[in-house]
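There are 2 protein chains.
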Amino acid sequence: MKYNFGAGPCILPQEVFKQAAQAVLEFDHTGLSILEISHRTPEFEAVVAETERLVRTLLNVPEGYSVIFLQGGASLQFSMVPMNLLGDGKKAAYTDTGVWANKAIKEGKLFGEINVIASSKDANYTFIPKDYEVPHDAAYFHCTSNNTIYGTEMHQFPKSPVPVVCDMSSDIFSREVNVADFGLIYAGAQKNMGPAGVTLVIVKDEILGKIDRKIPSMLDYKIHIEGESMYNTPPVFSIYVSMLNLKWLKAKGGVPAIAQENLAKARALYAEIDRNPLFKGTCAVEDRSNMNICFVMENPELEKDFLKFAEDRDIIGIKGHRSVGGFRASMYNALPISSVHFLVDTMQEFAEKHA
Amino acid sequence: MKYNFGAGPCILPQEVFKQAAQAVLEFDHTGLSILEISHRTPEFEAVVAETERLVRTLLNVPEGYSVIFLQGGASLQFSMVPMNLLGDGKKAAYTDTGVWANKAIKEGKLFGEINVIASSKDANYTFIPKDYEVPHDAAYFHCTSNNTIYGTEMHQFPKSPVPVVCDMSSDIFSREVNVADFGLIYAGAQKNMGPAGVTLVIVKDEILGKIDRKIPSMLDYKIHIEGESMYNTPPVFSIYVSMLNLKWLKAKGGVPAIAQENLAKARALYAEIDRNPLFKGTCAVEDRSNMNICFVMENPELEKDFLKFAEDRDIIGIKGHRSVGGFRASMYNALPISSVHFLVDTMQEFAEKHA
Numbered sequence: 001m002k003y004n005f006g007a008g009p010c011i012l013p014q015e016v017f018k019q020a021a022q023a024v025l026e027f028d029h030t031g032l033s034i035l036e037i038s039h040r041t042p043e044f045e046a047v048v049a050e051t052e053r054l055v056r057t058l059l060n061v062p063e064g065y066s067v068i069f070l071q072g073g074a075s076l077q078f079s080m081v082p083m084n085l086l087g088d089g090k091k092a093a094y095t096d097t098g099v100w101a102n103k104a105i106k107e108g109k110l111f112g113e114i115n116v117i118a119s120s121k122d123a124n125y126t127f128i129p130k131d132y133e134v135p136h137d138a139a140y141f142h143c144t145s146n147n148t149i150y151g152t153e154m155h156q157f158p159k160s161p162v163p164v165v166c167d168m169s170s171d172i173f174s175r176e177v178n179v180a181d182f183g184l185i186y187a188g189a190q191k192n193m194g195p196a197g198v199t200l201v202i203v204k205d206e207i208l209g210k211i212d213r214k215i216p217s218m219l220d221y222k223i224h225i226e227g228e229s230m231y232n233t234p235p236v237f238s239i240y241v242s243m244l245n246l247k248w249l250k251a252k253g254g255v256p257a258i259a260q261e262n263l264a265k266a267r268a269l270y271a272e273i274d275r276n277p278l279f280k281g282t283c284a285v286e287d288r289s290n291m292n293i294c295f296v297m298e299n300p301e302l303e304k305d306f307l308k309f310a311e312d313r314d315i316i317g318i319k320g321h322r323s324v325g326g327f328r329a330s331m332y333n334a335l336p337i338s339s340v341h342f343l344v345d346t347m348q349e350f351a352e353k354h355a
Numbered sequence: 001m002k003y004n005f006g007a008g009p010c011i012l013p014q015e016v017f018k019q020a021a022q023a024v025l026e027f028d029h030t031g032l033s034i035l036e037i038s039h040r041t042p043e044f045e046a047v048v049a050e051t052e053r054l055v056r057t058l059l060n061v062p063e064g065y066s067v068i069f070l071q072g073g074a075s076l077q078f079s080m081v082p083m084n085l086l087g088d089g090k091k092a093a094y095t096d097t098g099v100w101a102n103k104a105i106k107e108g109k110l111f112g113e114i115n116v117i118a119s120s121k122d123a124n125y126t127f128i129p130k131d132y133e134v135p136h137d138a139a140y141f142h143c144t145s146n147n148t149i150y151g152t153e154m155h156q157f158p159k160s161p162v163p164v165v166c167d168m169s170s171d172i173f174s175r176e177v178n179v180a181d182f183g184l185i186y187a188g189a190q191k192n193m194g195p196a197g198v199t200l201v202i203v204k205d206e207i208l209g210k211i212d213r214k215i216p217s218m219l220d221y222k223i224h225i226e227g228e229s230m231y232n233t234p235p236v237f238s239i240y241v242s243m244l245n246l247k248w249l250k251a252k253g254g255v256p257a258i259a260q261e262n263l264a265k266a267r268a269l270y271a272e273i274d275r276n277p278l279f280k281g282t283c284a285v286e287d288r289s290n291m292n293i294c295f296v297m298e299n300p301e302l303e304k305d306f307l308k309f310a311e312d313r314d315i316i317g318i319k320g321h322r323s324v325g326g327f328r329a330s331m332y333n334a335l336p337i338s339s340v341h342f343l344v345d346t347m348q349e350f351a352e353k354h355a
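Order-wise, the sequence lines are chains A and B.
Residue 3 in this note's numbering sits at position 3 of the first sequence; the count goes up by one each step and never skips.
Residue 204 in this note's numbering sits at position 204 of the second sequence; the count goes up by one each step and never skips.
Hints may be right or wrong, so weigh each one.
Pairs count within a copy or across copies, as identical chains cannot be separated in the list.
Claimed, not checked - Here are the simulated PhoX-like pairs of lysine-lysine, each with C-alpha atoms no more than 20 angstroms apart in a straight line: (1) 106 <-> 222; (2) 103 <-> 214; (3) 103 <-> 222; (4) 319 <-> 2.
Honestly, the hints are just simulated from the structure, not real lab data.
Can you make the complete structure from the sequences, with help from the hints?
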């Protein structure tokens with residue numbers, strides 16, 4: 001048993017692993033593995049329908065929004081969003097809050113004018129910009145709710161006169177959001193939804209179909225909506241495991257309950273980072289992420305030692321991204337608070353050793 | 001235990017299911033599920049490298065070709081192929097041999113001029129056209145090696161003065177092909193490679209990078225080649241199970257050995273279709289597929305009865321596609337010949353009952 005603080009693909013609940021392994025052997029008393037069933041069977045159609053229902057329930061998705069499951073991760077959404085929403089000669093507003101936001105901007109530029117209305121790039125993305133206004137003439141406003149690499153999170157979203165498009169890959173299902181405030185939400189599954197290989201898109205139907213561009217079928221949201229996520233063969237197993245995981249979340253009390261737990265987990269670790277003289281946080285306190293907690297050591301020469309000290313205790317996945325250095329503890333929904341306490345204890349032990 | 005003749009996602013070897021289920025519980029003595037490991041770990045990088053090596057070995061992929069694993073299935077390839085290979089104002093030659101070929105043509109038209117140089121559409125795709133020449137001025141020639149819905153297969157490929165692009169989704173790894181004859185081969189995994197969720201592309205490097213169009217990163221073959229299939233988070237589990245399945249194939253003697261088995265399986269069923277007065281094949285004998293065997297009944301009123309008769313014997317997935325009717329028995333690599341014999345016996349029993 002490891003303490004898995006990896007940034008993603010990441011920890012999922014142990015009971016989900018057990019149920020998924022069972023379904024690989026035999027799915028739902030069908031006499032077949034989940035890996036050999038047709039996506040056109042009533043049994044699998046029920047899985048897709050149930051997964052959609054869980055998304056709608058857990059996030060209180062209002063009427064007028066479609067929920068679809070695609071492939072290609074957030075990276076493909078970086079292109080699909082402008083392809084579907086940004087008409088030729090139109091402009092869109094983006095905030096640049098990290099590597100992934102930056103990639104979204106880069107892909108957007110292939111389709112129209114991208115105005116970066118706020119950026120924390122010059123400060124190595126250590127904070128979330130707040131002092132900006134979303135222009136009325138943008139086709140949409142794009143933001144990234146949580147910046148995995150830098151450990152910052154948007155705790156509030158700006159008022160916007162145009163549809164808000166948000167990459168929620170690394171914090172969806174971790175806290176309450178008001179879906180009605182968004183035009184389109186997308187998320188690669190591999191943090192709090194399920195295993196890698198499926199992408200969630202929640203889109204307000206009325207923002208689609210307003211541009212003239214001819215869109216390849218597989219990149220057209222409307223086609224996937226009409227096909228009910230089965231325009232082509234979907235990633236069967238990834239959707240199935242997402243269903244198991246969202247069921248687990250629902251049984252735990254849903255998003256409000258997990259948000260409380262996530263807050264408690266984050267507070268416990270940030271308290272130690274702020275208290276322990278060997279460690280310090282890397283970003284603005286008010287913008288700290290509850291999902292990815294980045295920290296470094298006052299004495300960088302100790303970082304290699306601490307990494308080994310932690311790994312010897314089966315704590316894995318805490319090496320920071322190369323653009324920040326130090327450490328990153330990712331604390332997604334399935335990470336138990338006991339793992340956080342264990343990491344805190346380890347930091348304290350290490351500090352005592354080096355007192 | 002079922003006799004799974006489904007068209008895809010389809011049967012894979014039982015031992016692959018067992019190994020995959022085990023890895024969902026614990027992957028390779030890591031203390032972690034395959035569903036919670038980072039794609040950037042050395043352990044998973046080794047999986048991708050080994051899967052690529054298996055593809056190269058099993059298909060004798062020559063030097064100068066890249067092997068990559070993508071998402072989105074053949075359906076996304078219908079767009080990626082022209083996006084990467086068909087310059088503005090250029091034309092490409094396609095054959096129309098079924099529903100999927102037709103979709104490829106439709107998507108191609110968004111990017112340039114598509115010349116359909118041969119079609120069997122007017123004959124409900126019951127044969128493979130052979131009487132055509134691939135024009136010298138086409139950017140590439142596109143064909144579909146096996147037509148799942150209609151049960152036809154290209155047993156020979158035409159000489160082509162331009163790169164041949166082939167959708168091999170439903171017969172790759174089932175028979176020997178000379179990869180050097182092709183510019184690009186693509187295949188959704190969910191027949192003979194692995195579970196749904198990953199797409200194989202084998203491309204001759206020198207045909208890429210020759211057009212001016214700006215291509216979104218996720219749709220650019222060169223970017224995925226440079227990223228060694230890890231430009232973004234790959235479909236970890238689908239790649240892992242593909243590796244297990246290709247290992248199984250290699251241990252069986254590779255493609256030449258399985259091709260012999262597939263031929264024996266197909267001959268056994270076609271022999272019964274041709275012998276049994278109740279049944280008849282639906283397509284030209286010389287173009288019959290060894291993967292998907294389509295047949296109807298002389299008396300269509302008996303079809304419902306036969307379907308039930310077969311299902312009562314745990315034979316599943318044999319209902320024909322609505323565009324052909326009757327029956328389709330898909331006999332992918334993992335289907336044992338004993339299942340074919342059982343289907344043949346069932347057809348004979350049914351015939352005796354209705355003599």
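Status of the hints after comparison with the structure:
1. 106 <-> 222: Classified as between; 17 angstroms across copies, 24 angstroms inside a copy.
2. 103 <-> 214: Classified as between: cross-chain Cα gap 15 angstroms, same-chain 23 angstroms, threshold 20 angstroms.
3. 103 <-> 222: Intra 24 angstroms, inter 17 angstroms, cutoff 20 angstroms: inter-copy only.
4. 319 <-> 2: Within. Shortest intra-copy distance 15 angstroms satisfies the 20 angstroms Cα cut-off; inter-copy 47 angstroms does not.
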